[in-house]
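Fit chain P to the given chain G structure using the hints.
Listed in order, the protein sequences are those of chains G and P.
According to our numbering, the first sequence is numbered sequentially starting from 1.
According to our numbering, the second sequence is numbered sequentially starting from 1001.
The calculated label-pair distances, taken between Cβ atoms and stated as ranges, are:
id, chain 1, residue 1, chain 2, residue 2, range
1, P, P1155, G, T120, 42 to 50 angstroms
2, G, D135, P, E1156, 23 to 31 angstroms
3, G, G26, P, G1111, 56 to 64 angstroms
4, G, H143, P, E1161, 27 to 35 angstroms
5, P, V1069, G, D27, 35 to 43 angstroms
So the derived list for chain G, only partly shown, Cβ under 8 angstroms to chain P, looks like this:
id, residue
6, K25
7, A57
8, A130
9, V146
10, V163
11, V172
12, F173
13, M175
Hints listed in this document are in silico derivations from the structure and should not be mistaken for laboratory results.
Cβ coordinates follow ideal geometry from the N, Cα and C atoms, glycine included.
Number of protein chains: 2
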Amino acid sequence: MAATADSVRNGVDSTQLYGTLDAIKGDPSIAKFQFRAQNRWIDGSHNRTTIRDFYAANQEDTSRIEDFVLDAGEPAILLGTDTGPNPAEYLLHALAACLTTSLVYVAAARGVHLTEVESTLEGDMDVQGALGLSDDFRNGFEHIRVSFRVKGDAPEEKLREVVARAQQRSAVFDMVRNGVPVTVEAATA
Amino acid sequence: MAATADSVRNGVDSTQLYGTLDAIKGDPSIAKFQFRAQNRWIDGSHNRTTIRDFYAANQEDTSRIEDFVLDAGEPAILLGTDTGPNPAEYLLHALAACLTTSLVYVAAARGVHLTEVESTLEGDMDVQGALGLSDDFRNGFEHIRVSFRVKGDAPEEKLREVVARAQQRSAVFDMVRNGVPVTVEAATA
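Bound-form chain G, shown alone:
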């Protein structure tokens, strides 16, 4: 179906959204995705990731017309020159972006028009862990706090339901909260 003005809520075409869900119900094999990133060290804490291709709907997706390029770095206190956000900050961004997108899509599906979604994230870390100085501290954040401010045309109770449902469906929230098996291999020749 073509989009109609009425089917687009929060910038999401709910007709297309339900069409996608129906297509997957008809052929679940199209739901298998693979996302990728290629990273290259530049110097010191400066490294760069290139993102473009991915696999979806039983084929390589070629719809993206250019690469996304992301630079990482560290601030001076962590021996860098601020060539980009640091990796832990990128993780906070990934979490914020995923919760927000989930929230916006859930709201669109439920007929809620949003006017504002903002969030602030904080992650606490004692760097004695990552620096190898003490086993009393983990390497990563001990805790992450996410504070949302959400406004829209629905009653508070429904907005809270949307926030709760977004957490239940967010890919990055699942990964950050529950962890993911990671395999690392290296070629050194």
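For chain P alone, coordinates are given in the frame of chain G:
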């Protein structure tokens, strides 16, 4: 101590690195960091994170002279317009960047001169989970594979040790593999 040509390896000043470690040993309170991200929804799957301030060494760090701004999005097949990498891709980037930085710092501390560090990451996801179509699939990646290519002036065995140690010390690797407690609160008024 001032940096000397000899103390800088892989763009990391190992004199400064050991100075930081000594300073933390002398006063562990300076090891408490807090990183932050502020996100704002733009439209549809497009949202934007601003990163700048953080807390470290018992004070607000004000050394960064400008904000980092990161745009997220989704490809067409996930109802977006490619306004940026998607959140799960940002998570892969965070993981690649952190493993690479850890690897470079460990190599610097151990006197290994690196000439090349590249990595490719792949994450497999069945979107029936995140789309709420099936409880048989989690929302996030089922598995992440990281493939490194590392070259330097050390024997293969020592390079492999550096890769292994980088995993033991990486903040984002710890978080992605083991998970982090996340608290989400929302103001809807």
